Every structure is written in C-alpha cells, then in structure tokens.
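K.L.:
Going down the list, the sequences are from chains A and B. Position 85 (the first sequence) corresponds to 85 in our numbering; numbering is contiguous. Quick note: to get our numbering, add 292 to the position in the second sequence (first position is 1).
Rather than coming from a laboratory, the hints here were simulated on the basis of the structure. Bear in mind that the values here come from a model prediction, so they are computed numbers and not experimental data. Yeah, the Cβ is synthetic: ideal placement off N, Cα and C, and Gly gets one too. A couple of the hints might just be wrong.
In silico DSSO-like links for lysine-lysine, alpha-carbon gap of 27 Å or less [said to hold, decoys possible]:
(1) B:K340 / A:K42
(2) A:K114 / A:K142
(3) B:K340 / A:K55
(4) A:K55 / B:K337
(5) A:K121 / A:K55
(6) A:K116 / A:K212
(7) B:K344 / A:K55
(8) A:K142 / A:K116
(9) A:K99 / A:K114
(10) A:K114 / B:K344
(11) A:K42 / B:K344
(12) A:K42 / B:K294
Computed Cβ-Cβ distance ranges for the label pairs, DEER-style [stated by the list, open to error]:
(13) B:G378 / A:R76: 14 to 24 Å
(14) B:E324 / A:D57: 40 to 50 Å
(15) A:K114 / B:A326: 35 to 45 Å
(16) B:A326 / A:N25: 23 to 33 Å
Partner residues are not named here, just some residues of chain B that face chain A (Cβ under 7 Å, in silico) [unchecked claim]:
(17) A298
(18) S303
(19) M304
(20) D305
(21) D362
(22) L363
(23) V364
(24) A367
(25) A371
Residues per chain are reported as follows:
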Amino acid sequence: MRLRRTKLYLPGNNPNMLLRGHLFNPDGVILDLEDAVAVSEKDAARILVRDVLRKGDFGNCEVTVRINAMDTDLWRSDIETVVPCGIDGIRIPKVENPKDIAIMDEALSHIESKAKMRVGKTLIFCLLETALGIWNAYDIAKASRRVAAICPGGEDLRADLKTTRSENSEELIGPRRIVVLAAHAAGVDALDTVYADITDDAGLRRETEWVKQLGFQGKSVIHPNQIPIIHDVFTPTDREIEQAKKIVEAAVEAAARGLGAVQVDGKMVDKPVVKRAEYTLQRAGLSAGGEK
Amino acid sequence: MKTAQAGTLESMDCIVSVTESDKGRGISIVMEGASVARFGEAMVKATKDTLKSLGVRDISVSIQDNGAGDLVLKARVEAAVRRLAGGKAA
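Could you put together the complete structure from these sequences and hints?
P.N.:
Here it is, written out as structure tokens:
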C-alpha cells in the first residue's frame, strides 16, 4: 500500500519550490502545470518541469504532474513532455466523464509504448471538480486500471454547485461522502482537496480529522507547514499500533489452529476487526505481520 | 531585431533574454547577478551547450541571475530560444 497522506502542490514555473518541495517530506509531490501557471508561462513551465523531472531528485515522494484540463489544447503536449520522464502519475483536472479517462488511457499507452516504457506504468489521479464529475465518480474510478485515486474539488466544485465556502465546508459534505463511497467501491484511494487557509492550523487539523473519519486516505497540500499536521492525524498512535499488532498476531495464531474468531484482551475479534488492524499497520508503515 | 525572454527574478531563477543576430555573428553572452563571479564560466558553458543542442549558432544572450543553477538556466535558455523561434516550447 502506498501512503498518500499528503500531496504537496509545487507551482510548475517556480524553480525554488520544484527543486526543494520534496525536502518537506510529503508522501507525494504534484508538479503543477495547471492553475499555478499563468497562460503566458505554460511553455516555459513545461520545459522547466521536464528538466526537474529528468533530474529525478524527489526522495521517496510519489511524483505526479497536474496537467492542463482535457478541454484545453495543452494537455497532449503536457503528457507528451512529462510521461517519458518516468513519473508515477498524472493528475487530471475537471474530470467529468469516464470517456475522458478512456481517451487519456489510450494516449498514455501510446506515449509509454513509444518511449519503450511499461504500458500502464503511469497512474491517473482524477480531480472531480464539477457536480457531473462527482455524480460519475464510480464510473470514472473504474474507467481504467490506471486510476489510483479520485479527489473532490474545492472552489471549482463550490462554484459549480452554485454555493460558497462556509466555515465548516458543509456544502461539500455530500460530494465528499460520494467520493469516499465511489473510491472504496472501485478499489481506489479517496484523497481530499486542499485546506485553503494556510494560517489556520486548528482548522486544518479539525478538517483532516473529519475527512479521515469519512474514509479519506489523505489530503492535497498547498503549504509545507500543513504536512506535519496532516501526517499526525493520518498516522496511527503507538497505542493503536500495539493494539493492531496484538489483533493481527492473534488472528494469525487462530488461523493456524483452524479457528475463525479469537479473543484479544477479553474481547471477541472477528474478520472486519482484523482487516482494520491490518490497515492500521499498513498506515504505520508496517506490514500486516508487524515488520518494517 | 527580434527578442524573446523567459524566467523570473525569483529565488533560484533567472531571466534570459535572447536577440537574434545576423548569420555569422556567433554567440554573445552577457551576464549579471550574484552568482556570476563564482559560476560565470559554468553558466557560459551551460548556455552554449543548450544553444548547441537547439542548433542555434548566431544569437545574443543576456542573463540576469538570481541563483539559478545549471538546470534552471538551461530550461530558461531553451524557453527563450523557442519563444524567439515562435515555435512550440516543448
């Protein structure tokens, strides 16, 4: 399981951030060719991002590029430039329809094949930033085996829903629940949108705890200071890890003895509890067996 | 004479301005910025290497540097040259 607690956006025309962003230790970086780059700078950003990718110095981060939307004439040049650099995935804005993903899948396969890369290597992360995109979330997530995650939008989605930002983002409760449901039904990650107020640490923690409880696996990040807070929320506590280890070990022992359910600390433990314990260990960076 | 420019004066970046030259005039490079005294030679080499890879023989290049390393300098030279040519940047 790949940890995707945080994905840090790095503006595609900003050398300082592109070269140093990974040093803040997010789980992933998103080199952004879309909203962070002025229309007049798209060409220069694409060259810069290509060269930074070729250098390939991102530590252990999962490296993705947010390309320009598929209703522009920029996205094909974007993927032709960045995919041969061997990135982990692309992030597609404003996905509304599974057909978009089918078209992208074919385009990626063509580029990978031409570059003598493994066809299917480049993952797809879908940004669902309209009501239609949210409505089609499951079909979009299932449209290609490349899809690794679906992510609800923030401001674009609010605008499309004809609403505005409220203090607790109540307007996004429904879309977030749909994304979680669709993602887990399709077997992909649900990754949440950014928390825009970079000075409100308490608000960020509150929102992160809430989306974790809903079933999200992580959040996008627009400022490095947000990373430790989100990691803290998504990383299991020592107590949770110890309890999970106990449960998994007991389950392994029970299976060896041919038993279905076991007791841990006087409580009956059955399959869903074991599954959750295994997930806790994975999130802690430990395998289900309790080893690094 | 046609001119084009790429880059910014943000930290670790540079502005590269290129002006077309008559055939046979060769490459001229003017640089200013904090790193020039220490890394000027490497910057000239990075610039010339990029121009060579793009097939450019006659051009005037002006670089205002704010701590761009070779990677960024090369990317900005390429972007400026492609803008000068009016073609696609990548």
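K.L.:
Next, verify each hint and record whether it holds.
P.N.:
Now for the hints, and whether the structure bears them out:
1. B:K340 / A:K42: holds, 24 Å
2. A:K114 / A:K142: Holds - the C-alpha atoms of A:K142 and A:K114 are around 25 Å apart, at most 27 Å.
3. B:K340 / A:K55: holds, 20 Å
4. A:K55 / B:K337: Holds, at roughly 18 Å.
5. A:K121 / A:K55: Given pair A:K121, A:K55 holds - Cα atoms ~19 Å apart, limit 27 Å.
6. A:K116 / A:K212: Violated. A:K116 to A:K212 sits at ~39 Å, over the 27 Å cutoff.
7. B:K344 / A:K55: Holds, at roughly 20 Å.
8. A:K142 / A:K116: holds, 26 Å
9. A:K99 / A:K114: With a Cα-Cα distance of about 23 Å, the restraint between A:K99 and A:K114 holds, given a limit of 27 Å.
10. A:K114 / B:K344: Given that 27 Å is the threshold and the Cα spacing comes to 26 Å, the pair holds.
11. A:K42 / B:K344: Distance ~24 Å between A:K42 and B:K344 Cα, so the pair holds.
12. A:K42 / B:K294: holds, 21 Å
13. B:G378 / A:R76: 14 to 24 Å: Between B:G378 and A:R76, where Cβ atoms are some 20 Å apart, the hint holds.
14. B:E324 / A:D57: 40 to 50 Å: violated, 28 Å
15. A:K114 / B:A326: 35 to 45 Å: Given about 42 Å between the Cβ atoms, the range holds.
16. B:A326 / A:N25: 23 to 33 Å: holds, 29 Å
17. A298: holds, 5 Å
18. S303: holds, 5 Å
19. M304: Holds: closest Cβ of chain A sits about 4 Å from B:M304, inside 7 Å.
20. D305: Because about 5 Å separates B:D305 from the closest Cβ in chain A, which is inside the 7 Å limit, the hint holds.
21. D362: Constraint on B:D362 not satisfied, violated at 10 Å.
22. L363: Hint holds; B:L363 Cβ to chain A Cβ min 5 Å, cut 7 Å.
23. V364: holds, 4 Å
24. A367: Status holds, d = 4 Å.
25. A371: It holds, given that the least Cβ distance between B:A371 and chain A is near 4 Å, below 7 Å.
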